[in-house]
Amino acid sequence: MAAKILPSDRTGVSYETKRSFLNLLRKHKAIYLISLPGILYFIIFKYIPLLGSVMAFQNYNIFKGISGSPWVGLEHFQRMFAYDEFLRILKNTLLIGLYDLVFAFPFPILLALLLNEMRIAIYKRIVQTVIYMPHFLSWVIIGGIAVGILSPTTGLVNHVLGMFGIESIYFLGEEKYIRGILVGAGIWKDSGWGTIVYLAALAGINPDLYEAAVIDGANRWRQTWSITLPSILPTITILFLLHIGNFLDFGFERVYVFLNGLNAANGDILDTYIYRVGLLERQYSYTTAVGLFKSVVGLLLIVLGNTLSKKATGESLY
Amino acid sequence: MITTAGERSFRFVNYVLMAAFACMMIFPLLHVLAQSLSSNLAINAGRVTLWPVDFTWSNYAVILKDASVWRAFKVSVFITIFGTLLNLVATASLAYPLSRPEYAGRKYVLLMILVTLIFHAPLIPNYLLIKNLHLLDTVWALMFPAMISAFNLFVMRSFFMNIPAELIDCGRMDGCSELRIVWSVVLPLSKPAMATMGLFYAVSHWNAYSNALFFINDRTLYPLQVRLREIVISDYFGSSNSFDVAGTMSPEGVKMAIIAVSSLPIMMIYPFLQRHFIQGMMVGSIKS
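Chains as they are written, first to last, in the numbering used here: chain D, 1 to 318; chain Z, 1 to 288.
If you are wondering where the hints come from, they were derived from the structure by calculation, not from laboratory data.
Be aware that a few hints might be false.
[As the list claims (entries may be wrong)] Derived list of chain D stretches under chain Z, where covered just means 3 residues or more per stretch with a C-beta under 8 Å from a C-beta of chain Z:
| # | segment |
| --- | --- |
| 1 | 25-39 |
| 2 | 105-115 |
| 3 | 130-140 |
| 4 | 273-280 |
| 5 | 291-301 |
[Unchecked claim] Using C-beta positions, here's what the derived DEER-type ranges look like:
| # | chain 1 | residue 1 | chain 2 | residue 2 | range |
| --- | --- | --- | --- | --- | --- |
| 6 | Z | D54 | D | V296 | 53 to 59 Å |
| 7 | Z | F10 | D | P230 | 16 to 22 Å |
| 8 | Z | N162 | D | R79 | 25 to 31 Å |
| 9 | Z | V16 | D | E315 | 43 to 49 Å |
| 10 | Z | R219 | D | F103 | 36 to 42 Å |
| 11 | D | G73 | Z | K65 | 53 to 59 Å |
| 12 | D | G73 | Z | E166 | 57 to 63 Å |
| 13 | D | G180 | Z | Q274 | 29 to 35 Å |
| 14 | D | P234 | Z | N44 | 52 to 58 Å |
Bear in mind the structure is a predicted one, so any value in this text is a computation, not a measurement.
Note that CB positions come from ideal geometry on N, CA and C, so glycine has one too.
Chain Z with its partners taken away, still in its complex shape (with noise of 0.2 Å):
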């Protein structure tokens, strides 16, 4: 193809912008990390912006000398380990019989779900619900209104409607149980497609924040995310479960570094993952 100069110059504007907007995705983030390893004098004065001055661990030591941030910390691992194990489990059951065509009925199932997807129930009878199955202030109420997303199960039946009915056929002719297809061919043959789920997942777990907030009183059970919003913005609402002075009142420095700390395990993994979630991401767009 024939390069003109205009199109040299478009080229070279492009990269340009392409440069400065990952800019601006990243240094926030590097501010965060240079404000969390600086010293609150230095940061005070304002002489931080994206690299640390008076380079201290200080602020991640008052962190992980905090009880409370501790305990949240492992509330958040314990719901995003056993949430994501009972959402896979979860999805993967309706979604393999809803792939096999003999599964009759399967459109009307369907559509009940696809109806979820555009019409959701307002707060409060979500709140009554969870209140009469007697779930508040248990770690249920963190996995259980969230087991299955819709959108996931959609991508997880498109991924089995592929694996060759032949295969299962054959699965069947051998006498295996439906179970012992499930186990030893079926999810075998998906492996990208749940870890691309789980990741999902496991992300919206460790990001959960509002339904603790509806149905959590007990500060023992706070998630992570709950935690460090109490520690970072003063709460304008002002409700007793969620008021805290102390944290309010913490250092720049301490703050910048419970968001390292929040935000460590995914920004850990996902350049390692990126590119499954960008599968999972085009099957879904592609089928929905």
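Next up, chain D with everything else stripped away, as it sits in the complex (with noise of 0.2 Å):
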């Protein structure tokens, strides 16, 4: 069959058309069904939770099942904001969220542009090396390296404030550091990973506009500003409304690693909430509708987001 194929079958513009349809499935049903497995993947595990949702609008009985659960409408999102557990939970999510974008999200920005400036290659390239490691190292490596090195009797950091004379800090025992060790975490594990796409776009930056800058009598910081940062906007923007659409999904591993019963106060975000009522105190429905929450608040923050930059700088994700 495969020898019958003439050239012209490649190029005809009416794929559209069911006949023509139909005439690609028959002669080429090897592809269609090479690609069912993978079709029947994303429905199984990525569809059917989804439509389980609605068990948010149940009470979901377990022996029951979906379809024999009473609905009881948005009872579940009104508990939620009756809660003083959940808003504390929520505003935990929110500010590490916050902490986050201003602080981890420019700081691969800034260590690229830091990195682009290296002419010595061999020194830019173990630098690079070394920075791109924590990536590859797991949460639970990093709480543990974490636990370690933030000790009050044993860790690194604190041999270094008691040289200044500094008494030890019991750092992921109180709750004031507990946010701004989840942040810097964050930093230390993937900034050196996050520089990768930005270095991508410094280096399709023209070297002309650099050389005509030089003769207009640009400095570098000139340079910098009017070249080197409007060449990677467009990259910035895509990322920046990516970390957006996740503001809330923080990262349960990132959080749960870190947390004890004397840090959870400021610590304890959504995801570790919906599995600690959800899973263990099997509290299914109610928590199922903290997720559906976090998903559509997530949905229609990349949208929002999407629309203002589309009309303030032209880029978009879609």
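With the hints as a guide, bring the two chains together.
As structure tokens, this is what we get:
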């Protein structure tokens, strides 16, 4: 059958019509068959749970399933906003997300700009190899390392503080430090890795622009401000939009490994709350409502950010 | 280009700054390594910073003698190897059809996948799905839910799209079946892509923690990361499935030794594969 395919079959423009679709299906049934398991995966593991989210509007009963459980409308969502505990955790999530946006997001940009100025190739490569490395460690390992170096008795940080005559601080045991530690650990793990995309964007800038700027008498700062930054602005915008979309989705593992009874008041976020109340205390419907709230807010933020950015800079995700 | 004094001093400061930053990355790791090789006496006296004091392998001996650590290590190795194979087969077999113009309706399939990238279902419906499929407390619960990463799928698809259509047509003219074309034309040409994706997947399997926490109650099926957390960090939420009193009492040196053991496989392969990782990242970012 394959031998009968003419080159003209590949250039046909009427793919959209029904007849040619059936023709294609018959002629190339192998590639449709190959794709089936993958499509089934997305339907079963992504779409069925999405449909299952309707249990947020029910009083889900594990024995009756979704079809047999009574509907309660928005009751769980109302309960959410009536709980002091939920409001505290929402505040934590928003604050940690905000700190992350303000401190962690610009860090790779700055780092990439500085790396880009390095002229000794081997030095640059060594620095890059080292700063990409933490990205490959798991959050559990990073949590373990943090517990080790922040330990009040044996940790590296308190050693250094001790040299300056500062008394040992139990960093993970006081709630006022936990948000900073969470954001700082994120910077440590991923800021080096984050530079890759920016470095690629920087490498794509036309060198003629800089030569022209030098002839016009622009100094280094001026060049950075007028050429480099505008050139990587599209990349910055796209990554910013993606970051915004994950604003409430700070990551379960990242926070869970740092939490303990002493710092949870400020460190507990929606993801850890959903695990604790949903899975351990089995409040299935209520925490599904919390999770749905989180997903919907994330979607709204992406749409909003995209619209604003399209108007302001002309850059957008879609 | 003319270098002014200001520029030279900027460059000097820049080099120092980057060196300091690199040290910030590497010192915590050295500290862990140093403590794992030091006696607990020296550690508790606060004498260990970046270099082992009273050098000893005894912390590693404790770890290597612990049967539960070995078991967890084996579970992690198993999941990393078989999970990654499953990932590659599943991802390639969906990415390849989606890269071919003959695949009518690929626009809709791609859209369906894209939606899952932006909008995820909450934890509980996912948990109930795994439960209803009877995957709780099986290693499959650690492999199936993460079978295809939408991001990796898009990256691999863009690799496949760069394969000249003429090569595939040639294969068809020669009477090859579609599978034969994939096997003898497409895959050999996409070795770098497969290596990159395989590494991304392998790292994510090795580091996976939350799925095991959610879906595994049977202690004999714990992967290394879960056992590691038990030993290193006392469990605030105190759930019956991950609380371990003996673990929280482990001496500092032993904790650091298991951290080193858990990160070693990745630390060893990473420098050799850095170039591939970066290529993969760039292709992904350009296409998305």
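Results for each hint:
1. 25-39: n = 11 at 8 Å, threshold three: holds.
2. 105-115: holds (count 3)
3. 130-140: holds (count 10)
4. 273-280: Answer holds; 6 residues pass the 8 Å Cβ test.
5. 291-301: holds (count 6)
6. Z/D54 x D/V296: 53 to 59 Å: 57 Å, holds
7. Z/F10 x D/P230: 16 to 22 Å: 21 Å, holds
8. Z/N162 x D/R79: 25 to 31 Å: 52 Å, violated
9. Z/V16 x D/E315: 43 to 49 Å: 35 Å, violated
10. Z/R219 x D/F103: 36 to 42 Å: Since the Cβ atoms of Z/R219 and D/F103 sit about 39 Å apart, the hinted range of 36 to 42 Å holds.
11. D/G73 x Z/K65: 53 to 59 Å: Since D/G73 and Z/K65 have Cβ atoms about 58 Å apart, the given range 53 to 59 Å holds.
12. D/G73 x Z/E166: 57 to 63 Å: 59 Å, holds
13. D/G180 x Z/Q274: 29 to 35 Å: At roughly 30 Å between Cβ atoms, Z/Q274 and D/G180 fall inside 29 to 35 Å, so the hint holds.
14. D/P234 x Z/N44: 52 to 58 Å: Holds - the Cβ-Cβ distance for D/P234 and Z/N44, about 53 Å, lies within 52 to 58 Å.
Consistency note: the structure conflicts with the earlier hints numbered 8, 9.
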